[in-house]
Amino acid sequence: MRTLSKVLLAVALAFGASAIAATPAAAEDVTPMALLCDNLGETWYSMTNVSKPKELTHGERYYNGSGSNVTTSFVAKHHSTITASISVTAGVKGEAGTIFAKLEASASVTVAGEYASTSGTDVGITATLPHGKYLIAYRGYLTVSANWGKYYCTTSGTMQTKGEGSVKSWNEVPETGVQRCDLSAPSGSMAYVAKARLCDGTW
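Going by mature numbering (1 follows the signal peptide of the UniProt record, and there is no 0), the letters in the sequence shown line up with residues -21 to -1, 1 to 182, in that order.
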């Protein structure tokens, strides 16, 4: 997509077509001008509002009241499933493969394709838990979401919106581990998310 098309699309997404409307004769007479483009006959996709939050799918809190340290397999129980999906808010659904490829490029991370889901199987993690301490066994994934748009430049240089909506997916490499509630976890890590959610509460 050429520079002019990118600029005009950015304006449209940020402010809406009315932001570049002609000055109306009266307030009730506002008529948006058509958005112009110079990549005649071409179709393109755009991704906006890309976010990459970490999301827990498995987790369980344990307490050791045995009187001694315990080394065992702590089970991170399955609680939620992430499914890669596309929603449509305007027009028609775009090509799924193209949308997910664009999402990958925009987020700089590999993601699962449409309808793929995370595992629903419980996960065992071997660790040592000292007496009198709490531990969280967890698993989660980096998720990726964005708003997508599919656009077409007519031969007369007018931009048309073919479809818009949202998309969500997840990186297929899980983050699995344990986190003691009395110890700090790196900010932004899956351990941090697990501790914040489960050390002082329940699923």
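Watch out, some of these pointers could steer you wrong.
Subject to a maximum C-alpha distance of 27 angstroms in a straight line, what follows is the list of computed DSS-like cross-link-like pairs (lysine-lysine) [what the hints assert, rightly or not]:
id, residue 1, residue 2
1, 141, 56
2, 31, 147
3, 112, 56
4, 141, 33
5, 72, 147
6, 33, 147
7, 56, 33
No lab work stands behind these hints, which were simulated from the structure alone.
Query raised in the report: What are the numbers of the hints the structure violates, in ascending order?
Result: The structure conflicts with hints 1, 4, although it agrees with all the remaining ones.
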